[in-house]
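Chains A and B are the protein sequences, given in the same order. Numbers 1 to 369, taken from the numbering used here, label the letters of the first sequence in order. Numbers 370 to 738, taken from the numbering used here, label the letters of the second sequence in order.
Accuracy of the hints is not assured; some may be wrong.
[As the list claims (entries may be wrong)] Dumping the calculated SDA-like pairs for lysine to any residue here, alpha-carbon to alpha-carbon at most 20 angstroms:
{"id": "1", "chain 1": "A", "residue 1": "Lys320", "chain 2": "B", "residue 2": "Asp655"}
{"id": "2", "chain 1": "B", "residue 1": "Lys689", "chain 2": "A", "residue 2": "Glu137"}
{"id": "3", "chain 1": "A", "residue 1": "Lys320", "chain 2": "B", "residue 2": "Lys689"}
{"id": "4", "chain 1": "B", "residue 1": "Lys391", "chain 2": "B", "residue 2": "Glu419"}
{"id": "5", "chain 1": "B", "residue 1": "Lys689", "chain 2": "A", "residue 2": "Pro325"}
{"id": "6", "chain 1": "A", "residue 1": "Lys320", "chain 2": "B", "residue 2": "Glu688"}
{"id": "7", "chain 1": "A", "residue 1": "Lys320", "chain 2": "B", "residue 2": "Glu419"}
{"id": "8", "chain 1": "B", "residue 1": "Lys689", "chain 2": "A", "residue 2": "Leu29"}
{"id": "9", "chain 1": "A", "residue 1": "Lys320", "chain 2": "B", "residue 2": "Leu398"}
{"id": "10", "chain 1": "A", "residue 1": "Lys320", "chain 2": "B", "residue 2": "Thr682"}
{"id": "11", "chain 1": "A", "residue 1": "Lys2", "chain 2": "A", "residue 2": "Glu137"}
{"id": "12", "chain 1": "B", "residue 1": "Lys736", "chain 2": "B", "residue 2": "Pro723"}
{"id": "13", "chain 1": "B", "residue 1": "Lys689", "chain 2": "A", "residue 2": "Arg317"}
{"id": "14", "chain 1": "B", "residue 1": "Lys689", "chain 2": "A", "residue 2": "Glu304"}
{"id": "15", "chain 1": "B", "residue 1": "Lys586", "chain 2": "A", "residue 2": "Gln322"}
{"id": "16", "chain 1": "A", "residue 1": "Lys217", "chain 2": "A", "residue 2": "Arg9"}
{"id": "17", "chain 1": "A", "residue 1": "Lys320", "chain 2": "B", "residue 2": "Gly642"}
{"id": "18", "chain 1": "B", "residue 1": "Lys689", "chain 2": "A", "residue 2": "His28"}
{"id": "19", "chain 1": "A", "residue 1": "Lys320", "chain 2": "B", "residue 2": "Asp684"}
{"id": "20", "chain 1": "B", "residue 1": "Lys689", "chain 2": "A", "residue 2": "Glu305"}
{"id": "21", "chain 1": "B", "residue 1": "Lys689", "chain 2": "A", "residue 2": "Arg9"}
{"id": "22", "chain 1": "A", "residue 1": "Lys217", "chain 2": "B", "residue 2": "Glu419"}
{"id": "23", "chain 1": "B", "residue 1": "Lys586", "chain 2": "A", "residue 2": "Ala329"}
{"id": "24", "chain 1": "B", "residue 1": "Lys689", "chain 2": "A", "residue 2": "Gln308"}
{"id": "25", "chain 1": "B", "residue 1": "Lys586", "chain 2": "A", "residue 2": "Gly327"}
{"id": "26", "chain 1": "B", "residue 1": "Lys639", "chain 2": "A", "residue 2": "Arg341"}
{"id": "27", "chain 1": "B", "residue 1": "Lys525", "chain 2": "B", "residue 2": "Thr682"}
{"id": "28", "chain 1": "B", "residue 1": "Lys689", "chain 2": "A", "residue 2": "Pro326"}
{"id": "29", "chain 1": "B", "residue 1": "Lys563", "chain 2": "A", "residue 2": "Ala329"}
{"id": "30", "chain 1": "A", "residue 1": "Lys270", "chain 2": "B", "residue 2": "Gly642"}
{"id": "31", "chain 1": "B", "residue 1": "Lys418", "chain 2": "B", "residue 2": "Arg670"}
Worth flagging that the hints you see were computed from the coordinates, not collected in a lab.
2 protein chains.
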Amino acid sequence: MKIAGQNYRTIWPDPNNAKVIKVIDQRHLPHQLVIEDLHNVADFARAIKEMHVRGAGLIGATAGYGMYSAGLHAPADRFQESLKADGDRLIATRPTATNLAWAVQRQLDAVRGVSDAAHGMEILYRTATEIADEDAEFCRRIGEHGLAIIRDLSRKKPGEPVNILTHCNAGWLAFVDYGSATAPIYAAHREGIKVHVWVDETRPWLQGAKLTAWELKEEGVPHTLVADNTGGHLMQHGMVDMVIVGTDRTTRSGDVANKIGTYLKALAAKDNGVPFYVALPSSTFDWTISDGVREIPIEQRGGEEICQVCGLTEDGRNEKVQIAPPGTATANYGFDVTPARFITGLISERGICPASEAGIRELFPEKFI
Amino acid sequence: MKIAGQNYRTIWPDPNNAKVIKVIDQRHLPHQLVIEDLHNVADFARAIKEMHVRGAGLIGATAGYGMYSAGLHAPADRFQESLKADGDRLIATRPTATNLAWAVQRQLDAVRGVSDAAHGMEILYRTATEIADEDAEFCRRIGEHGLAIIRDLSRKKPGEPVNILTHCNAGWLAFVDYGSATAPIYAAHREGIKVHVWVDETRPWLQGAKLTAWELKEEGVPHTLVADNTGGHLMQHGMVDMVIVGTDRTTRSGDVANKIGTYLKALAAKDNGVPFYVALPSSTFDWTISDGVREIPIEQRGGEEICQVCGLTEDGRNEKVQIAPPGTATANYGFDVTPARFITGLISERGICPASEAGIRELFPEKFI
């Protein structure tokens, strides 16, 4: 997607040095576009853990390239063991995102039994590229499927914009390209359908204010930033036609772990008859579990994200300001689980299905054998 | 209540000069305790509008003293007209809070027909004092009634703290003393009942992080600060025993307008079987309306509250930082309406009642004649 009119992905190999992988260090957005070079597994692990990169698909793609980087530095005589250890190290960085373990496992499966390190490297690079390209392609298809929903809503209010609320950033910055929740929005906008996006700022990390607002601006999609507290009021007053969010882990029964606060918006959507969609490439499914509230581990992050806010001062300096009394105890849960009963539909690369085991089975029968 | 061990109210006449009213300028909390002198109606209007003072009860008490100040400066030959004009000016500062118009009207009623300005001044001062004292006394009684609920919950989990979630600041800083939502908490804490408070930070203005966390700390009540997005997750996992919030306007049928985001917490409480209480002195009732969502005007505030966050830098300076891309469109609704069907009970100075016309009529029969 576009930054200042130029096309970007969120992660790509350095064209001048295939041993280096480039990412957008998203901690500096929206104030500054910083491109970071990742050289080794330590770089990849830090980039994921400290959220230089974040979002379901991008974490997966980064882990894919991270395993390639692990291969580059693996001793030839302990190639498999070294890869396995580095994979575990990557998986340990973020506990909730399922794409992370999925991408690592895909790489380990790809090189299983390969003893020649040079051959292994080829496979790891090819697989990392596949993971990234697939992520982009799946998001593009999600866009096509979701577009149909927006087109239908638009026909019901000719001349008026379709108002779509989203929480956090399930935009192209959370994937390799297009995004999941944003893909249908970008597709509709490109087709000339009037859309307007309510952007939840998404405390504590402010992914909405810092990332979603920025990428919508760069793509020219009309949007309004609101505090996370606002969605219920908007829905009570008919100002939201649909909600689309992403997911970091989805159970086989359709429960969805997404950014903390998603569940509250789903409750409000249900209470006001607003359709609530979750967009996801199938890599976010955790096929092994079905009760999201009980079975999905929820990451807890540091209290400084609650007590301090980073931003730009009037004179253009990055500054961190303390908003709570010093020493205040905090709890910082990164995700919550929205039970399937609140979800109107899942928009996947294979189409739209009900958020239920039966619905998901229709689209992904091979996973239920 | 206590600040650094010393007892304070939020508003009081200067003991050395009865023409000056003192308030805590809450914009500087939690970092600095600033006492401001209010000299005339312009000072009072600015203090309310720009939120040096805020909160249902305190806005009412400030309006009460503001009318006294209006009287001090009213020309003797146009005493009534001048008071009326200044009252309108005060009422215009905040559209949602019902205590504001209530306090102004109470003062106008008190001096109706009084032509002697000196006599009028006496009445205005006495009435302002009555409004403030009544507010404190009503909050104290709310504490006694609500204490019974906390005591019951505590008996069900001996040795464990009762976990109470609150949104925004309906603490003593929002009233003259004790607070509404916090009064039962302070009463329980004083009685030795173990309590723990989940404090919603309450974006955009951060009343929870800046005020509620601070006043609980000064009173020694255990608490944990969370992003507004967190309450649903906490309730899903049995970490909340009850919710208590305040209200800025309450309909005769029990709908409640409170800080934006309250409705989302009420939805989560309902979905998880957590009791949801609203604490209120009866001055927040608007007896003329019954459909809160349709009839309560919702204040919209400036977008800078969304795009910028104020706090303290590491080297102790107050600084405002920009968190969204420059020029981002925003919507900043100050309140939302929680329909009565989500409310377990209203805790008023006269006792606890169901949030319904029948329930409210039992406690306030004289309002339904």
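Structure-based check of all given hints:
Restraint check for A/Lys320 and B/Asp655: not satisfied, since their Cα atoms lie roughly 42 angstroms apart, outside the 20 angstroms limit. Restraint check: the Cα-Cα separation between B/Lys689 and A/Glu137 comes to about 41 angstroms, which exceeds 20 angstroms; the hinted pair is violated. Using a Cα cut-off of 20 angstroms, the hinted pair A/Lys320 and B/Lys689 holds, with the two alpha carbons roughly 10 angstroms apart. Between B/Lys391 and B/Glu419 the alpha-carbon distance is near 16 angstroms, which keeps this suggested pair within the 20 angstroms criterion.
The hinted pair formed by B/Lys689 and A/Pro325 meets the criterion: a straight-line CA distance of about 17 angstroms does not exceed 20 angstroms. At most 20 angstroms may separate the alpha-carbon atoms for a hinted pair to count; A/Lys320 and B/Glu688 meet this at roughly 9 angstroms. As the CA atoms of A/Lys320 and B/Glu419 are separated by approximately 24 angstroms, the hinted pair breaks the 20 angstroms bound. Between B/Lys689 and A/Leu29 the alpha-carbon distance is near 18 angstroms, which keeps this suggested pair within the 20 angstroms criterion.
Taken as a hint, the A/Lys320 and B/Leu398 pair is honoured in the structure, with Cα atoms around 18 angstroms apart against an allowance of 20 angstroms. With a C-alpha separation of about 6 angstroms, the suggested pairing of A/Lys320 with B/Thr682 holds against the 20 angstroms cut-off. Simply put, A/Lys2 and A/Glu137 have alpha-carbon atoms about 17 angstroms apart, close enough for the 20 angstroms limit, and the pair holds. For the proposed pair B/Lys736 and B/Pro723, the alpha carbon gap of about 16 angstroms is at most 20 angstroms, so the pair holds.
Simply put, B/Lys689 and A/Arg317 have alpha-carbon atoms about 11 angstroms apart, close enough for the 20 angstroms limit, and the pair holds. Taking the CA atoms of B/Lys689 and A/Glu304, the gap is about 18 angstroms. The hint holds against a cut of 20 angstroms. A threshold of 20 angstroms between alpha carbons decides the hint, and for B/Lys586 with A/Gln322 the separation of about 16 angstroms falls inside it, so the pair holds. Pair hint A/Lys217 plus A/Arg9 holds up; C-alpha atoms about 17 angstroms apart against a cutoff of 20 angstroms.
Note on A/Lys320 and B/Gly642: the hinted pairing is violated, with a Cα-Cα distance of about 39 angstroms set against a maximum of 20 angstroms. Restraint check for B/Lys689 and A/His28: satisfied, since their Cα atoms lie roughly 18 angstroms apart, inside the 20 angstroms limit. At most 20 angstroms may separate the alpha-carbon atoms for a hinted pair to count; A/Lys320 and B/Asp684 meet this at roughly 11 angstroms. Distance check on the hinted pair: B/Lys689 and A/Glu305 sit about 17 angstroms apart at the alpha-carbon level, within 20 angstroms; holds.
With a C-alpha separation of about 32 angstroms, the suggested pair B/Lys689 and A/Arg9 falls outside the 20 angstroms cut-off, and the hint is violated. Among the hinted pairs, A/Lys217 with B/Glu419 is inconsistent with the structure: their alpha-carbon atoms are about 31 angstroms apart, more than 20 angstroms. Proposed proximity of B/Lys586 and A/Ala329 is supported: the alpha carbons are some 10 angstroms apart, at most 20 angstroms. Between B/Lys689 and A/Gln308, the direct Cα distance comes to roughly 12 angstroms. Compliance with the 20 angstroms bound is thereby established for this hinted pair.
For the given pair, B/Lys586 sits about 10 angstroms from A/Gly327 by alpha-carbon distance, which is consistent with the 20 angstroms threshold. Between the alpha carbons of B/Lys639 and A/Arg341 the distance comes to roughly 15 angstroms, so the proposed pair stays at or under 20 angstroms and holds. Using a Cα cut-off of 20 angstroms, the hinted pair B/Lys525 and B/Thr682 is violated, with the two alpha carbons roughly 44 angstroms apart. Taking the CA atoms of B/Lys689 and A/Pro326, the gap is near 18 angstroms; set against the 20 angstroms cutoff, the hint holds.
As the CA atoms of B/Lys563 and A/Ala329 are separated by approximately 17 angstroms, the hinted pair is consistent with the 20 angstroms bound. Between the alpha carbons of A/Lys270 and B/Gly642 the distance comes to roughly 17 angstroms, so the proposed pair stays at or under 20 angstroms and holds. Pair hint B/Lys418 plus B/Arg670 holds up; C-alpha atoms about 10 angstroms apart against a cutoff of 20 angstroms.
When held up to the earlier numbered hints, the structure conflicts with 1, 2, 7, 17, 21, 22, 27 and fits the remainder.
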